[in-house]
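Student: Chain D is fixed; fit chains Y and X onto it per the hints.
Residue numbers (our numbering), protein chains in the order written: chain D, 1 to 338; chain Y, 1 to 321; chain X, 1 to 305.
In short, the hints are calculated from the structure, not lab data.
Please note that the accuracy of each hint is not assured.
Reference listing, derived: stretches of chain D covered by chain Y, where coverage requires no fewer than 3 residues with Cβ under 8 angstroms from a Cβ of chain Y [said to hold, decoys possible]: (1) 83-90; (2) 96-108; (3) 116-124; (4) 167-175.
Every residue, glycine too, gets a C-beta built ideally from N, C-alpha and C.
Residue-level listing of the chains:
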Amino acid sequence: MMNDTILTIKNLHVSISVDPPIHALEGIDLTVQRGEILGLIGESGAGKSLIGSAIANLLVSPLQISQGSIELDSQRIDTLTERQMERVRGTRIGMIFQDPMTSLNPVLTVGHQLTETIRTHLKLGRVEGRARAVEWLKRVGLPAPEDMLSRYPHEFSGGMRQRIVIALALCAEPDLVIADEPTTALDVSVQAQILSLLRELHRETGVTVILITHDMGVLAQMADRVAVIYSGHVVELGRTSEIVEHSQHPYTIGLMRSIVDIDTPVATLFQIEGSMPRPSDRPSGCAFHPRCPRMTQRCHNDVPALEGNTLHRTACWHPGQTSGTEGTPKIEAKDAAC
Amino acid sequence: MIRLAANRFGQTLIVLFVIALLAFVLSAYVGDPLTSLLPLDASQAQRDALTSQLNLDKSMPERFLYFIWDALHGDFGISFRTNEPVIDLLLVRLPATLELAFVSLVIALAIGIPTGIHAALYPRSLLSQTFMFGSILGVTLPNFVVGIFLILVFSVNLGWFNSFGRGETVQIGSWWTTGLLTKSGWQSMILPAVTMSLFQIAFIMRMVRAQMQEVMQSDYIRFARARGVRQRSLHYVHALKNTLIPVITIIGLQLGNIIAFAVVTEVVFSWPGMGSLFLQSVLAADMPVISVYLVMIGLIYSLVNLAIELIYPLVDPRVLT
Amino acid sequence: MRVMKRQRDMLKELRRCPSATVALMVIVALVLVAFIGPLLISDNPFDLINLDLMAAYTPPIWLDGGDPSWPLGTDDQGRNMVTAMIFGLRTSLLIGLVAVLIGMVFGVGMGLISGYTGGTVDAVIMRIADVQLAYPALLIAMIIDGVARSIKGGALDGKTAVTIVILSIGLSFWVQYARTVRSSVMIERNLEYVQAARVTGLNSRQILLRHILPNIFGPVFVIATINLAIAIITEATLSFLGVGIPLTQPSLGTLIRNGNTYLNSGEWWIAVWPCLLLVVLVVAVNVFGDWMRDYMNPKLRRGVR
Chain D
1 MMNDTILTIK NLHVSISVDP PIHALEGIDL TVQRGEILGL IGESGAGKSL IGSAIANLLV
61 SPLQISQGSI ELDSQRIDTL TERQMERVRG TRIGMIFQDP MTSLNPVLTV GHQLTETIRT
121 HLKLGRVEGR ARAVEWLKRV GLPAPEDMLS RYPHEFSGGM RQRIVIALAL CAEPDLVIAD
181 EPTTALDVSV QAQILSLLRE LHRETGVTVI LITHDMGVLA QMADRVAVIY SGHVVELGRT
241 SEIVEHSQHP YTIGLMRSIV DIDTPVATLF QIEGSMPRPS DRPSGCAFHP RCPRMTQRCH
301 NDVPALEGNT LHRTACWHPG QTSGTEGTPK IEAKDAAC
Chain Y
1 MIRLAANRFG QTLIVLFVIA LLAFVLSAYV GDPLTSLLPL DASQAQRDAL TSQLNLDKSM
61 PERFLYFIWD ALHGDFGISF RTNEPVIDLL LVRLPATLEL AFVSLVIALA IGIPTGIHAA
121 LYPRSLLSQT FMFGSILGVT LPNFVVGIFL ILVFSVNLGW FNSFGRGETV QIGSWWTTGL
181 LTKSGWQSMI LPAVTMSLFQ IAFIMRMVRA QMQEVMQSDY IRFARARGVR QRSLHYVHAL
241 KNTLIPVITI IGLQLGNIIA FAVVTEVVFS WPGMGSLFLQ SVLAADMPVI SVYLVMIGLI
301 YSLVNLAIEL IYPLVDPRVL T
Chain X
1 MRVMKRQRDM LKELRRCPSA TVALMVIVAL VLVAFIGPLL ISDNPFDLIN LDLMAAYTPP
61 IWLDGGDPSW PLGTDDQGRN MVTAMIFGLR TSLLIGLVAV LIGMVFGVGM GLISGYTGGT
121 VDAVIMRIAD VQLAYPALLI AMIIDGVARS IKGGALDGKT AVTIVILSIG LSFWVQYART
181 VRSSVMIERN LEYVQAARVT GLNSRQILLR HILPNIFGPV FVIATINLAI AIITEATLSF
241 LGVGIPLTQP SLGTLIRNGN TYLNSGEWWI AVWPCLLLVV LVVAVNVFGD WMRDYMNPKL
301 RRGVR
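So here's chain D without its partners, still in its complex pose (with noise of 0.2 angstroms):
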């Protein structure tokens, strides 16, 4: 397996530019190793999937990226034009959305859709394309794959059209792939398959997968390594297994104890106090320390940079594994009674 960078993000901002400026990504500094499966993991307005679309340039306005840079294979592609862009996009880059039902187009039939994709990028004749496209139905399980060439988006089940948007985020070979959410909205018995045709399909093209999501599980499953994004910062990087059992960060450690699993009793449900800040009210310093247990003056005034070695990371000035009851005092457990 090559132990090579597929991608760079060095400081990365993504803003609002109004006056102040109000930063949804502060600094974010991350490589992506070719082939890996990279996990983002924050709560809802983190800032995760907006790392995702910035690797894209597919920012809404008024967001745009302030300050940073991205290079995918060396070569930096956030400066690049939309024109430029369409010919990394799809080919070089390939997106999963969250919503299948409103992420394929209503009036084109999935034949077209897939087929446009793979003769724009790979240059093939129309029998090829057509060809591939069934290829590709196949491989993502779908049956009857020639009948459903022609056929129309809302013919298909959710879990069906998510494995469509996923042929098609693959089908003109990217070597690198972001998963934004993939299963979030899909039933729960679907989200297993859906996973594990990630899994056997990263598995069989070697392709680089960033996943993105807000569930612990599906990363613990999936992913090599692991980012936890919080309040449009970085503050834990590293290997699965690391982030899981040797969390460092207060936020991750509070992360972790809050995932319940069948055994965990009632009584012990876990919730960190307070909530995470929107952008425009983030404190200064340490965007964590109003709800952390190991608050210092220091944590007040300085933003931690991430610190550690190539297997673990943590942006804190104090980080460090939990010492049993440490953190109780400002973490309340939940009364189990609704």
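Tutor: Same frame as chain D, now just chains Y and X:
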């Protein structure tokens, strides 16, 4: 699908029935055909003859049935004003109005759709802002004012076009006359067609723009963009089809307005169509013509809307399943 | 006092949009001129006593033959264009306003009945509304005019003509009000059933009115503004065609009709000035109405996101 069509067809029939009933009441009981159609010194025998011919002595339900029967055979009564059969009056003028309406619709679509698309895709361009400002004028300016100004500028001052009548017409078939085959025909057609199309252009432009803007914000366009679909295809294949489908329905609903504008335009330009016939009939209290016009408008409106509802499933794949 | 605050907020928002502000000022100015002007003008140009036929066909002041006493010229009967237009403006505005009021009252009433009663009554009313969609105000007015002429046996006198115009334009508007009010009523009705425990049966109608009327005031007002422009245009068109307001108490449309005959012979000003005034009035009402519609639309509220 069949059930849907039958349902709508049934509803349309009921509506048409009510309109026909209303028209019947107007034509049968408002106004006095005997005084209008016969000279003052007509004999009793003449009165009786006309009474029996027009079924004036029969009961209401009977007269209604005769009314429908005659109408289905093309007999719409006799004009009080000219003593001619109404159907003849209408047929002579029908080509003029239809050609005018058709040309103005073509102009409206040819200008309205592209400008709407441009205004949606490049909202900040100077051209788009001009279009939008123009569209406000197009929607608010009264039809006849536009006509008057066009006449002043292009006919009186510049002398390029004609502002009176249809010009030379050519007879096609047994009763159709067309002004589209002669130079003077076109010279006379341009100003009234442009006048009529102005409102439609503005309306279509605004609708296309609004709809296209909404479509461009949709998830599927975003996903297509994320796949690297080329911009031309994105705009004119992925977005356009979704934009135009709802626009079709709205245009159908606007038909009533178009017919109303035809009346005004024809009067301003002395265009010998059904609209000016309608005005003459109103001024002369010519009830048979008025009541036929009433039914005709309702009929056109209902049929066009029915047609649109039946065509809709063919263009929008979502409707059938 | 809540009403006052809402209006103050609206004025503040209005100031941000220069075109709408200008439109409102134009409307206010025209209304003042139309209603106060006639009080200041001693000679009503449409009173036959005041006609000065010698002054007929005088062109505007900047053309050859112009005269300072008639800065915009005179018409075929020697009337001062300026005063003629002021009186015409008043007629146009009055008719438009009354027509809109009639439509509003009738429409809101029908909406209340339709929504509150439900069942067959509601179905019938809504079907009638659907059918009426096919016929624009203009055609309805013309048909009614034709019927009236037939009944009266000839041309109509001034009072009848005016009544027909106002009624037919007004009645063509009721559908929009009725639909809006009807849906508000239906929403409230359902809410009432949910709150059945708290609502005493006797007060249900009053509660309905107290809840509904404040809610619909906004949308109804917006519909009314848009309708005002349509009413003015429709009346002008009817008068232009000759089935509207007669020349004894003319509206702007009647004046334009009068001037239309002289377009080709060179006395263009008799038609053009009333045309321009009509356009200014209608554009102003439309621009302001558009702004108000955007302002009242909760989906477009520009909040901080």
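Student: Look at each hint and say if it fits the structure.
Tutor: Evaluated hints:
{"no.": "1", "hint": "83-90", "result": "holds (count 7)"}
{"no.": "2", "hint": "96-108", "result": "holds (count 9)"}
{"no.": "3", "hint": "116-124", "result": "holds (count 4)"}
{"no.": "4", "hint": "167-175", "result": "holds (count 3)"}
Checked against the numbered hints above, the structure breaks none of them.
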